[in-house]
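Protein chains in written order, with the numbering used here: chain E, 1 to 315; chain F, 1 to 507.
Check the hints yourself; a few may be wrong.
Short, incomplete list of chain E residues facing chain F, as computed with Cβ under 10 Å [claimed, not checked]:
1) Leu9
2) Val11
3) Thr55
4) Gly113
5) Arg116
6) Ser128
7) Ser177
8) Ala192
9) Ala206
10) Glu210
11) Gln243
12) Ala289
13) Leu292
14) Ala298
Bear in mind the hints are in silico, worked out from the structure with no lab data behind them.
Where a beta carbon is used, it is the ideal one built from N, C-alpha and C, also for glycine.
The chain contents come next:
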Amino acid sequence: MDAPKQPLLAVDDPVLHAFAEEVGAEGPVAIEGNRTRWHVGGDLAADARVIKAPTGMVAYAPEEMTAQVRVGTPVAEFHAALAEKGQRSALPERGGTVGGAIAVGQNALSMLGRGRVRTSVLQIRYISSEGRIISGGGPTVKNVTGFDLPRLMVGSLGTLGLLAEAVIRTNPIPEVSVWLRSDDADPFGIAATVLKPSALLWDGTATWVELEGHGIDVAAETAALAASGTFREAEGPPALPAQRWSLKPSELLKLTGAEFETGEFVASVGTGTVWAAKPQPPRQLNRAAQLLTHRMKAEFDPPGRLNPGRTVETA
Amino acid sequence: MARSALKSLQSLKDLAGRASRSGGRPADETASDPLIGELRAALSPDRVRSDGAQKALMKKDASVFEGGVSGPLCYPESTAEVQAIMKLAEKYDRGVVPRGAGTGLAGGAIPLGAPIVIAATKMNHILEVDLDNRIAWVEPGVINLDLTKHLAPMGFHFAPDPSSQQVCTIGGNVANNSGGPHCLAYGVTNAHVVALEVVLPSGEVTVLGGLDAEPLGYDLRGAFVGSEGTLGFTTKVAVTITPNAPDVRTLLLSFDTVRDAANTVSAIIAAGIVPAALEVMDQRITQAVEAYVGAGYPTDAGAVLLAEVDGLADGIKIDAERIGDIGRQHGATNVRQAETDHERALLWKGRKTAFGAIAQIAPDYYLHDTVVPRSKLADVLEQIYEIADRHDVLVMNVFHAGDGNLHPLLVFDGREEGKLDAVHAAGAEIVTASVAAGGVLSGEHGIGVEKQAYMDLMFTDDDMDHQARLRRAFDPVCRANPGKVLPMGHSCADIAALRSVPADVWG
């Protein structure tokens with residue numbers, strides 16, 4: 001049997017090599033997507049050279065439920081290509097790029113149905129601080145080969161490597177998707193009765209439920225919801241306030257304070273994400289985790305040239 | 001490259017042989033060992049063992065790999081005790097190896113260089129079931145199936161369900177990012193760990209991840225899961241608990257050939273159905289299972305496909321019918337649906353005791369673990385049969401077909417002259433063929449010592465350099481499980497040196 005001439009993940013794509021050249025090995029450099037979450041993690045240092053990641057779908061295998069895409073590609077464009085084959089992904093669609101979605105790591109509004117960004121990245125390619133192309137993970141839907149660089153890159157804000165390309169897990173688009181709204185239901189009771197809502201939102205009074213799946217199942221769940229309140233079909237989710245909070249799901253049971261007056265917030269029941277007008281009070285890593293974070297940054301980017309000014313410690 | 005991998009595996013075995021030959025010294029030398037004295041003072045005398053019998057047990061796991069040399073064996077009961085062990089390891093410059101149930105198949109728990117073995121055995125408590133957050137806090141020594149049994153009255157379960165779930169531990173599942181048949185729909189361990197309390201190799205304690213929606217910082221919990229004990233010792237794990245589906249349907253499809261079964265699997269996924277599980281067994285394993293437990297599998301079929309869908313009653317009825325139709329379109333000779341819970345349980349019992357059934361055929365087996373794209377399943381399986389035949393080794397296939405996770409099972413008698421070498425040679429070709437088809441080295445067993453020499457089939461030197469950076473950020477001196485995962489030249493530990501007993505250590 002002929003042995004392969006180079007490792008499976010060695011990169012031939014000239015587009016990625018050109019991108020690595022552009023990143024180079026010296027001087028502060030940052031990557032921009034569509035700037036929809038540009039200020040997450042702090043403001044970029046003024047002297048940083050700003051570049052864009054390469055774009056385009058590299059390979060899409062619907063029967064494998066995987067898509068290999070250069071991360072400068074807008075999520076909407078990526079999802080449009082998947083939709084042609086009846087699929088979608090966990091990436092949030094809100095005007096940004098695939099790379100932005102991975103680097104920021106925030107989940108889609110319907111994360112209960114679409115999955116989380118952190119588990120949807122199967123393989124990642126990035127340009128290192130030294131200007132080298134690095135691959136981590138692997139192209140298959142299941143893989144435990146070696147240390148898990150894709151997990152480390154999700155939510156890293158480009159501070160460990162500049163993202164270039166990813167293999168993303170795709171999922172079938174359900175036969176039916178419907179949003180329902182009620183003004184008299186208990187969202188926490190619903191969480192315990194509906195098997196798998198794709199989203200369950202609550203603003204202190206009104207509840208929104210997204211049900212997806214076989215038409216016959218959605219009809220059955222809609223009927224079952226009648227026991228919890230009066231539901232009617234809604235056009236979609238409510239408008240979301242600008243600031244994103246990360247709480248424990250149990251904390252939503254006892255939201256207090258002015259920012260949580262009815263109608264001033266939207267909470268994602270079962271996940272703990274809350275959107276409110278005011279920002280969440282700063283969170284802090286414990287001392288040991290902070291030390292680990294500094295060591296990780298020092299290992300991956302010794303001169304601190306990647307996305308200077310940004311840190312995951314305050315994101 | 002396959003040849004060089006095989007060669008280094010051979011030299012690894014030689015080194016291992018040397019190490020074990022020089023390892024056996026009398027147990028009472030340990031009485032004066034100051035490390036043991038300090039460990040006993042920190043824990044209790046009965047929870048630090050150094051007798052030969054205990055240490056001999058710890059030298060191996062469920063893989064075929066030899067050559068482990070265990071240092072003192074500790075059974076801590078608390079995070080503080082693990083911390084004390086870690087600090088003493090630092091003081092005496094010894095490695096530490098976490099150990100769960102020892103069911104690993106890649107040699108990940110084999111102690112190299114006479115490290116301190118930290119057994120999770122006595123940290124086996126389910127600390128809290130938190131229904132509001134849909135998680136459970138457990139200690140690392142909790143048995144996988146015990147957690148699911150504990151959750152059953154509440155209507156929940158722990159989703160990862162490796163075949164070893166009756167004995168394997170949650171700590172081991174975390175270390176290996178374990179899978180199982182039902183991970184097709186529900187995801188592997190990484191998707192089910194939200195937070196970890198960890199004792200770092202420095203002796204510091206930290207919590208990685210968190211119960212909140214999007215924890216602050218790098219995803220260090222994600223980096224830790226699947227790191228095979230090389231980043232520290234986890235003392236508490238917050239795992240998600242999954243509600244039991246209200247309804248389930250289990251089908252058994254029979255085929256004339258493995259190719260038909262594999263093609264059916266690919267077609268089911270391509271049709272947009274995501275079953276809870278899709279497991280294929282070939283005729284040899286089916287016959288072995290039937291002889292062993294009588295699960296009701298057809299022994300005349302070339303292969304069977306065990307398919308399960310769960311969810312709401314009406315929807316899964318549709319899915320089950322579509323799976324049956326797709327099977328028939330791809331040559332299924334029979335489609336049978338389990339009519340009762342008993343019948344369903346029996347079908348699963350057959351699948352999960354497959355490896356036990358092998359003991360009836362030959363004394364030894366070597367279970368491989370690679371992943372290939374689903375569409376390549378049939379081609380790679382054909383190659384696997386050809387490879388095994390050429391090396392005169394009996395191969396059986398029982399695997400997680402739904403996610404392309406192959407488990408070729410090489411069955412042999414290790415007492416036969418040269419047989420183990422033939423098994424390793426066949427294994428090397430199987431791994432190479434899987435990667436050549438666009439697959440990966442391991443789907444759920446890990447790299448351990450088994451596949452270090454194959455890492456360069458997948459990764460470039462730069463890629464492995466970055467994996468080593470991740471490792472170093474947690475453990476700059478390679479104290480935790482030294483000599484695993486990354487191959488020689490990419491690891492911070494001198495792997496060759498670890499395979500002989502250090503001069504100043506009694507082993």
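Results of checking the hints against the structure:
| no. | hint | in the structure |
| --- | --- | --- |
| 1 | Leu9 | holds, 6 Å |
| 2 | Val11 | holds, 8 Å |
| 3 | Thr55 | violated, 23 Å |
| 4 | Gly113 | violated, 12 Å |
| 5 | Arg116 | holds, 8 Å |
| 6 | Ser128 | holds, 7 Å |
| 7 | Ser177 | violated, 14 Å |
| 8 | Ala192 | holds, 9 Å |
| 9 | Ala206 | violated, 21 Å |
| 10 | Glu210 | violated, 16 Å |
| 11 | Gln243 | violated, 13 Å |
| 12 | Ala289 | holds, 5 Å |
| 13 | Leu292 | holds, 6 Å |
| 14 | Ala298 | holds, 8 Å |
Hints 3, 4, 7, 9, 10 and 11 from the list above are not met by this structure, while the remaining hints are.
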